Amino acid sequence: SAVISQKPSRDICQRGTSLTIQCQVDSQVTMMFWYRQQPGQSLTLIATANQGSEATYESGFVIDKFPISRPNLTFSTLTVSNMSPEDSSIYLCSFSGESYNEQFFGPGTRLTVL
Amino acid sequence: GQNIDQPTEMTATEGAIVQINCTYQTSGFNGLFWYQQHAGEAPTFLSYNVLDGLEEKGRFSSFLSRSKGYSYLLLKELQMKDSASYLCAVPTGGSYIPTFGRGTSLIVHP
Chain A
452 SAVISQKPSR DICQRGTSLT IQCQVDSQVT MMFWYRQQPG QSLTLIATAN
502 QGSEATYESG FVIDKFPISR PNLTFSTLTV SNMSPEDSSI YLCSFSGESY
552 NEQFFGPGTR LTVL
Chain B
-5 GQNIDQPTEM TATEGAIVQI NCTYQTSGFN GLFWYQQHAG EAPTFLSYNV
45 LDGLEEKGRF SSFLSRSKGY SYLLLKELQM KDSASYLCAV PTGGSYIPTF
95 GRGTSLIVHP
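Same order as they appear, the protein sequences are chains A and B.
Take any residue in the first sequence, note its place counting from 1, add 451, and you have its number in this note's numbering.
With this note's numbering, the residue at position 70 of the second sequence is 64, and numbering never jumps.
Any given hint might turn out to be false.
[Claimed, not checked] Among the chain A residues that face chain B by a calculated CB cut under 10 Å, a handful are: (1) V480; (2) M482; (3) Q488; (4) L494; (5) T499; (6) I541; (7) Q554.
It should be emphasised that the hints constitute simulated quantities derived from the structure, not laboratory data.
Just so it is clear, the structure is predicted and the values come from calculations on it, not from any experiment.
Positions of the beta carbon are idealized from the N, C-alpha and C atoms, including for glycine.
Whole structure, please, built from the sequences with the hints as guidance.
Written out as structure tokens, the structure reads:
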């Protein structure tokens, strides 16, 4: 199966700043996704990153707060903008196989906002 | 996910068998996933069920009943390394993208 990596693996940021998380897959994939996992919680889908078009956001998430880029079929970025302590979470990128019967996750980015 | 229900925590003894249940509600069923997540790590895929019945994969098996909106993950010959969170996930509303339950934290003790 494809290898998926993220960077940074963790960061500590100040309130009001922004952080861009990168996700790289070692083969071309059609669907890429960004999830958030807050402490002690399960995964919540933020958005689907579409290649060549704007991302599709889930209810409660907006482009101004979480801008996403998907310049090609192997790479995506998620920016957490104007951060507050409530944004402290693990952010994971993910992709699906062509038949959607398997989903793979990156190692996650652990973000702490002070 | 608000439409997926699984127990919060379970404990079991090394070498035993444990069954983790998951109930769900969705329109347009497109399969059910089970993931394992160790503390501080990303989820790893365990199984995908789209048809009723039991699917066995080594020490882990997953069962699905679509008419009952019910699944379980069965772990046999438990090992200490099986201590982890087990996430049930179902694409909802006709989507193919899974919505995750809150997860069941399994603690295996000697």
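Each hint, compared with the structure:
1. Because the closest C-beta pair between V480/A and chain B is about 14 Å apart, greater than 10 Å, the hint is violated.
2. Interface restraint check: M482/A against chain B, minimum CB-CB distance 8 Å, threshold 10 Å, status holds.
3. Look at Q488/A: its Cβ gets to within about 9 Å of chain B, closer than 10 Å, so that hint holds up.
4. At its closest, the beta carbon of L494/A sits 4 Å from a beta carbon of chain B; the interface hint therefore holds under the 10 Å criterion.
5. Contact between T499/A and chain B, as hinted, is supported at the beta carbon level, the nearest pair being about 7 Å apart and thus within 10 Å.
6. Look at I541/A: its Cβ gets to within about 9 Å of chain B, closer than 10 Å, so that hint holds up.
7. Taking 10 Å as the C-beta contact cut-off toward chain B, the hint placing Q554/A at the interface holds, the least distance being around 6 Å.
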